[in-house]
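Working from the sequences, and respecting the hints, build out all of it.
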Amino acid sequence: MNMTLKPASGLSGSTLKVIAMISMVIDHVALYLMEHGTVLYETMRCIGRIAFPVFAFLIAEGFIHTRSRYRYFFTLLGFAVISEIPWYLLNGADGTHNVMFTLALGVATLMVLENLLQRSMVLGFLWTHGMAGLASWLGVDYEWRGIIVIVIFYLFNVYGHSFPYSRGMQFFSTFALMIHYGVIGAVMACMILYLYNGKRGFVQGSIAKYGFYAFYPAHFILFI
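Numbered per numbering that gives the first Met the number 0, the sequence shown spans residues 0 to 223.
Read the hints as simulated data drawn from the structure, not as lab findings. No experiment lies behind these values; they were computed from the predicted model shown. Ideal Cβ placement from N, Cα and C applies to all residues, glycine included. Heads up, none of these hints are tricks.
Pair by pair, the computed Cβ-Cβ distance ranges are: (1) R118 to G36: 47 to 55 Å; (2) Y31 to L122: 36 to 44 Å; (3) V17 to S205: 15 to 23 Å; (4) G167 to I63: 14 to 22 Å; (5) L30 to S67: 33 to 41 Å; (6) V121 to G91: 38 to 46 Å; (7) Y158 to I206: 29 to 37 Å; (8) H128 to Y87: 24 to 32 Å; (9) I178 to L133: 20 to 28 Å; (10) Y193 to R118: 30 to 38 Å.
Given below as structure tokens:
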């Protein structure tokens with residue numbers, strides 16, 4: 000990512016994960032346990048809108064730095080399949096699928112996109128929009144917007160040095176997509192991501208890493 004506007008100190012990747020997880024839990028408490036339409040409900044859902052842009056940002060970061068992209072993809076896909084059980088128990092057969100599928104599709108998109116961009120920007124564009132369309136057709140959480148946001152974070156991370164004000168452009172693009180789910184949440188997510196300091200943080204080792212993955216399906220148990 001373009002380093003020119005990055006603050007000297009700020010939030011590590013591990014801290015971003017914790018913020019996103021807390022935001023997600025607040026969102027789901029409101030969605031599954033509270034009366035809809037109240038001021039408290041709407042406030043909690045706004046806070047919950049922070050989660051996905053942060054997760055999408057971390058997915059793009061993880062893709063760039065992981066030593067095995069195939070393992071990264073299959074780990075996300077495996078937890079997506081596991082998460083589908085509590086997701087189904089909570090939401091029924093409504094045609095939607097949990098956000099881990101969105102993240103896995105995002106990684107799959109980047110795996111091919113990385114190679115296509117070396118040959119043709121047009122092919123990269125078509126591939127990205129094809130995968131975004133697939134996400135909508137499958138009914139994964141955040142649909143096509145989820146895929147595009149992940150790609151935006153990746154592109155500005157890798158190619159951002161070629162554009163002036165790339166960090167601002169990145170967040171403006173993300174805001175424009177995420178505003179569909181709420182203005183306040185989109186603004187807060189962009190503000191939090193601006194504080195990212197590029198450091199991995201306290202999450203070290205396989206146990207901690209997979210513990211964060213496992214938290215997603217596990218937290219649904221609270222609402223079943």
